[in-house]
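Undergrad: Sequence order for the protein chains is A and B.
Using this note's numbering, the first residue of the first sequence is number 1, and each one after it goes up by one.
Using this note's numbering, the first residue of the second sequence is number 1, and each one after it goes up by one.
Just so you know, the hints here were simulated from the structure itself, not pulled from any lab data.
Some clues are possibly wrong.
[To be verified] Here are the simulated lysine-lysine pairs, DSS-like style, with alpha carbons at most 25 Å apart:
id	chain 1	residue 1	chain 2	residue 2
1	A	Lys192	A	Lys392
2	A	Lys127	B	Lys313
3	A	Lys421	B	Lys41
4	B	Lys92	A	Lys167
5	A	Lys192	A	Lys149
6	A	Lys405	A	Lys191
7	A	Lys215	B	Lys92
8	A	Lys52	B	Lys198
9	A	Lys149	B	Lys92
10	A	Lys127	B	Lys92
11	B	Lys313	A	Lys105
12	B	Lys41	A	Lys127
13	B	Lys185	A	Lys149
14	B	Lys198	A	Lys127
15	A	Lys149	B	Lys41
16	A	Lys192	A	Lys225
17	A	Lys105	B	Lys41
[Claimed, not checked] Partner residues are not named here, just some residues of chain A that face chain B (Cβ under 10 Å, in silico):
id	residue
18	Gln125
19	Thr136
20	Ile146
21	Pro233
22	Thr237
23	Phe419
Beta carbons are placed, not taken as given, at the ideal position from N, Cα and C, and that holds for glycine.
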Amino acid sequence: MADKKDPIQTPLTDEQRRKVLMGMAAMPAMMMPGMALAQAAQFPTAKVNTSKLAVTDTEVVVGQLHSATGTMAISETGSIQAEQLAIDQINAMGGVLGRKIRVIKEDGASDWPTFAEKSKKLLVQDKVACVFGCWTSASRKAVLPIFEKENGMLYYPTFYEGLEQSKNVIYTGQEATQQILYGLDWAAKEKKAKTFFLVGSDYIWPRTSMKIARKHIESVAKLGKVAGEEYYPLGHTNFNSLINKIKLAKPDCIFAAVVGGSNVAFYKQLKAAGITADKQFLLTISVTEDEVLGIGGENIAGFYSSMKYFQSLDNANNKAFVEAFKKAYGPKSVIGDVTQAGYLGPWIWKATVEKAGSFDVDKIAAASGGIELKTAPEGYVKVHENHHLWSKARIGQAQLDGQFKVVAESPELIEPNPFPKGYQ
Amino acid sequence: MDSIKSWLARSGMGSVLILALIIIVVFPLTMDLFRLNLVGKYLTYAFVAVGLVMLWGYGGVLSLGQGVFFGLGGYMMAMFMKLEASDPETTKIQSTPGIPDFMDWNQITELPLWWEPFRHLPLALLAVLLIPTLLAFIISFAMFRRRVGGVYFAIITQAVCLILTVLIVGQQGYTGGVNGITDLKTILGWDTRTDEAKYILYFVNAGLLIASILLCRWIQLSKLGTLLLAMRDKEDRVRFSGYDVSMFKVFAFCLAAMLSAIGGAMFVLQVGFMSPSLVGIVPSIEMVIFAAVGGRMSLVGAVYGALLVNFGKTYFSESFPDLWLFLMAALFIGVVLAFPNGLAGLYESHVKPRLGKRKDKPAAGTDSTPSSDAPPATPLHSGAPHGGKPLARTALPDGVQGTSA
Numbered sequence: 001m002a003d004k005k006d007p008i009q010t011p012l013t014d015e016q017r018r019k020v021l022m023g024m025a026a027m028p029a030m031m032m033p034g035m036a037l038a039q040a041a042q043f044p045t046a047k048v049n050t051s052k053l054a055v056t057d058t059e060v061v062v063g064q065l066h067s068a069t070g071t072m073a074i075s076e077t078g079s080i081q082a083e084q085l086a087i088d089q090i091n092a093m094g095g096v097l098g099r100k101i102r103v104i105k106e107d108g109a110s111d112w113p114t115f116a117e118k119s120k121k122l123l124v125q126d127k128v129a130c131v132f133g134c135w136t137s138a139s140r141k142a143v144l145p146i147f148e149k150e151n152g153m154l155y156y157p158t159f160y161e162g163l164e165q166s167k168n169v170i171y172t173g174q175e176a177t178q179q180i181l182y183g184l185d186w187a188a189k190e191k192k193a194k195t196f197f198l199v200g201s202d203y204i205w206p207r208t209s210m211k212i213a214r215k216h217i218e219s220v221a222k223l224g225k226v227a228g229e230e231y232y233p234l235g236h237t238n239f240n241s242l243i244n245k246i247k248l249a250k251p252d253c254i255f256a257a258v259v260g261g262s263n264v265a266f267y268k269q270l271k272a273a274g275i276t277a278d279k280q281f282l283l284t285i286s287v288t289e290d291e292v293l294g295i296g297g298e299n300i301a302g303f304y305s306s307m308k309y310f311q312s313l314d315n316a317n318n319k320a321f322v323e324a325f326k327k328a329y330g331p332k333s334v335i336g337d338v339t340q341a342g343y344l345g346p347w348i349w350k351a352t353v354e355k356a357g358s359f360d361v362d363k364i365a366a367a368s369g370g371i372e373l374k375t376a377p378e379g380y381v382k383v384h385e386n387h388h389l390w391s392k393a394r395i396g397q398a399q400l401d402g403q404f405k406v407v408a409e410s411p412e413l414i415e416p417n418p419f420p421k422g423y424q
Numbered sequence: 001m002d003s004i005k006s007w008l009a010r011s012g013m014g015s016v017l018i019l020a021l022i023i024i025v026v027f028p029l030t031m032d033l034f035r036l037n038l039v040g041k042y043l044t045y046a047f048v049a050v051g052l053v054m055l056w057g058y059g060g061v062l063s064l065g066q067g068v069f070f071g072l073g074g075y076m077m078a079m080f081m082k083l084e085a086s087d088p089e090t091t092k093i094q095s096t097p098g099i100p101d102f103m104d105w106n107q108i109t110e111l112p113l114w115w116e117p118f119r120h121l122p123l124a125l126l127a128v129l130l131i132p133t134l135l136a137f138i139i140s141f142a143m144f145r146r147r148v149g150g151v152y153f154a155i156i157t158q159a160v161c162l163i164l165t166v167l168i169v170g171q172q173g174y175t176g177g178v179n180g181i182t183d184l185k186t187i188l189g190w191d192t193r194t195d196e197a198k199y200i201l202y203f204v205n206a207g208l209l210i211a212s213i214l215l216c217r218w219i220q221l222s223k224l225g226t227l228l229l230a231m232r233d234k235e236d237r238v239r240f241s242g243y244d245v246s247m248f249k250v251f252a253f254c255l256a257a258m259l260s261a262i263g264g265a266m267f268v269l270q271v272g273f274m275s276p277s278l279v280g281i282v283p284s285i286e287m288v289i290f291a292a293v294g295g296r297m298s299l300v301g302a303v304y305g306a307l308l309v310n311f312g313k314t315y316f317s318e319s320f321p322d323l324w325l326f327l328m329a330a331l332f333i334g335v336v337l338a339f340p341n342g343l344a345g346l347y348e349s350h351v352k353p354r355l356g357k358r359k360d361k362p363a364a365g366t367d368s369t370p371s372s373d374a375p376p377a378t379p380l381h382s383g384a385p386h387g388g389k390p391l392a393r394t395a396l397p398d399g400v401q402g403t404s405a
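Bound conformation, chain B alone (with noise of 0.2 Å):
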């Protein structure tokens, strides 16, 4: 009994199986089918945040261009479905039967060459896994290499986004334009709007959401976790001890760029549509706000990240809608000055110290990690008033080997 406890502490598996809980038992018991579509969502983009924290928390990366990833995941889910969409039967009414209706609109009388593969579901889902990560290696390998780094990769994958977002759009006769790839019905045959479809559709995707972060979990108490760790408390040093940075770097970003375009096909396979607004810079943003709000060193917080703040855009845009952007600008505000590590920097300060108390005692060896006395070199620490205070000391060397996942 107490070997479990102590593994489940030690390996923050707990958190994960109450998260697991929460939203393959609690959620589907007590939401009705419309709001358990809309948290189905909001999952999809707690991908893209667990990614967040794998490439920001822990590699010291920050990334302002997962729309992208997120983007093209769901770009190749939808070019799958549009086709299936376009057959001859219900195009007749085009100039060119067969071929998706934007292509119509756009004077393209047959399909291009490189649409072909998307026929395939498996080349399909290939695609979606590989070509996102294939493109992060490109951009990431170039970047690294050449030790560009920090607020310099930052303002780099946000030209990527605005390049793929000026390509999209221009390109309408091919990706759809402003308009994007709509009216997706089905999957070889099968309704995905069907409230069967729904409900598993959403469990296909809290399982693989979940599977994600025991992935990323994984890597973590890995020794790949602690490299990704040291080399973003100082650099130089894992250089200099022979390690190649670059690729662990590279490693990071391909996993966050995987993870991200799971979360987008998944998006278009619950929503029914993709289009470039998803790809842009404010979604990018928004996402890093996602895992922020979360907790950038935490995986389960990420998700409550994600989950709270479109809860709140929901609620509020729902309740209040002249003033519910007020309220999310509030709510972000609030939550950076008065937690600077997120919801699971909360929970650490906060929540935690009580419910050690009454335990005979904490898991040895937690509190002995060097890092506690070396603030995370991140981009973005500047900004936020956490320098000094106890409350940061406490809660960010817990990535190491602690009991947060």
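So that you can see chain A by itself, here it is in the shape it has in the complex (with noise of 0.2 Å):
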């Protein structure tokens, strides 16, 4: 009977290696509220909380300040969603200083009054320490105001147009410059484009970034020449004399930055008017996997995106990142990146507070200058002395799977410089 087992030294049966592995995992689990309870203890919250937030011993309230509601909701949910994830996350890990987060959500209903009447709640009536939220411009315009007057602390996640500070505020997407400078000088070095078509929706955030590309084509890299520029209302849906115009401009890229509803109507169009990849090169800075999801991936397949994060970036902290969002919110949610900018703001709020000692905004305002996160989807990124992030720049090339192929990225991280000298 040599094949006989001794009991002893039989490994484990699966069910009971699967019970091992959770003990063990359930180990730190089972400590944490000890721990919890030692860290909240070593930070009492008269010390870390001396401007009267709602902070108590276990707990500390944030807010959150979305559409979830009105036209804007469908670009908004996947920041609501990222945030919501991070914070999760933190929970389990013990929260912050010991306190859990509890999130007092508000729907800013795609409405700029709206957002400033909530943001007034959550600052004047619910003191909560700080918020994640808003998406456009406008939306962070209205609330700016009173983040000032009030001294709250907002984690802001969309790419945006720069030509903005405040200690009131941490802006976790990229300023213009980062995404744009590099995307025209890959644009000319890789795709040798001479000549720039700039198309943008009409508002501020087209606007400067056409401003900057344009400066930055024809006076400081000299990289060109502009071949034309046009704006068209939010929501417009006929691209037609635009079309006739790029063709007979024949430019080497199309620089684009229209947003919304109206990429569909021009992507659709572009390609019923034969304006495809494999004839003509076009570099996009309004478009992500959510956008895609809208356009259809057969309709911009081919074309390239100037972003810092892409789904399909290959590093571990991604994959964890892919893998969980996909766990909380089905198989088939997408993220770009403004989701992922969202998913850094509990992030970097939870190692600002660390950092200081405690949750009030005059500390975490002068703490944010030189956070580290090394654990952030898009890889390490760190926090300026101007609020704003280093974070790398990345192109994709759309696929027809709606995913992104990232094909070049910045060897640095690139400065935040919300101010550009020259490009004014």
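Combine both chains into one complex, guided by the hints.
TA: Below you can see the structure in the form of structure tokens.
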């Protein structure tokens, strides 16, 4: 009976092994309440909260202010989900300074006065320690005076036009120069683009972005010339005249910042007019995986997008993030640039609170510069003294399945520069 | 004593007094500053709703474009405050210090000439009152002279809304575009954002609103008010009697526009910014809803309507962030189905008869108005199921000289 297994030496069955593993996994979890309490005791509420925020010995209240309804809901849902995911993960690790995070959700309803009203409610009535929220520039502009007056802290996830810097805001997306300059240089070098046709929706972000692009193309980097510059109202859906102008100008590169619902019409009409990726090079700064869902992979495949994050990024942080996100919100959910930037907000706030040893907004604002995050899905990021992030720029090529293939990446982190000299 | 009572009943002053008591005494005593500031914001919409009662309820002209005048009034005020906030010292980071920040972002290097008058408060206040009224005069004169009315007029006011929104968004170097005009701080050095200023602005706003209601009530009780009603019910008969019908409609439209503009200016003072999202079609229709919920024949009802709908909006969206739009829809549908004449109609048909029973005699003469057999010719009445109901018959004609304000 040589093969009769000795009970002692028998390897554990799968069932048993799972139990042991679960037990081991549970150990830190079981220790956690104790640790959290110890940590909370180490940071007494009176000390970490000198400005009457909603912080108790066991709980810290934060606000979340996005559009869950209205025209912007489709864009902002990703940010809402990512911020919630990050907060859940932080709570599972024991919270911040031993305190669990409780979220008060408010709906800005795609309406700027509502954003102002709700931000005031969060700061004045709920006394939240910080707010994760806003998406459009207009909503940020509407709440900014309130955050400055009531001394709140806003973590803002969207890539935006720059020209702004506030003690009360941390900008976790790219400002315009980070997104644009690398993309244009890449287009000139790799795609030999000499003439550029600039297209955008008509509001502050595309206007400012195109101003920077034009200066870069014509005077700063001298890449070539601008063959045309066109703007269309938000929600515009008829691009035939634009397509005719493009056909006449025959630019090497279409540089696009068309947003929202217009995107769908824009790319479908380009395709219908025969302007496809095999004949025309197009670089956009406004299309993430979220937008491709609406546009349809077949309409945009082959065109390029300049972002700091793509869902397909190949690194361990991102794999864990994508897996956790899909587990929470379904296997079909996609993650765009802003969603990832939204995910960074709670983590950066946590790191800052721990560095400052306080929830007070003044201390958070002062401690933010220099905060590093090694676990970010986009890779290592750092908060600049100007409250924007150092991050890498990347170029992705749209694929039929709606994902992007990363074809280029800046070698170094790019410094955020919201008031770029020479581009004004 | 009796003469005061009958005066109160005849002129509808009783309900105005109650409203004044509620917004000037009860709200400030029972609410914290944050909620009171919100009420202040709702009351700025009430200006528009009061204007709509005059225009729609009395004049029979439905405008779906009051946001234009609310917005213009707001923008005039915002332009003044923005210029004051953009002194060279605070804007020295810009390429051209001393001009509003959004102009600098749009490569404008000097202040456009038409912004210059807004450096002066008296001129700005005058502009708040006159420019929207002038625009209203031009639009309505052109329309009513050609006897364009009813649905066609409503559609044209919608178009004006859209035109103005596109204009503001498109000319962002001069208007701030989609973002609007933000970061407004002071008037003549007086900081509008302090707690004390919020209280003062609230009371100024409430006072102006009560004054507007009194003005409208005075017009209603005058011969002009009677003519407006007559015109609404039988336009031709009034015309054949020798009256210039179109000019009366122009007057009602200009009055509503001016009230809306005051509301817009007060909105900017209390909220601190202005954006095209308050000009467009959606807010304009919302304002009609306030008047409809309150009861389009009742001036005080319009204020309650604005308060109720906005309280609902705030409360539902705070308590049920995922469901609140459905709850709002239920509120609208419920009100329109159950009380086609709004809150005021509910009061007239259910509360007042009971109150009246207790009194010895109701105010004399209120029930002998001839219009009770002529259903009012309002443009939207085909949609509301109120044609032959006794409820509508007793509630609607009261405007003539009834006890409701």
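Undergrad: Which of the listed hints are not met by the structure?
TA: 3, 5, 10 and 22
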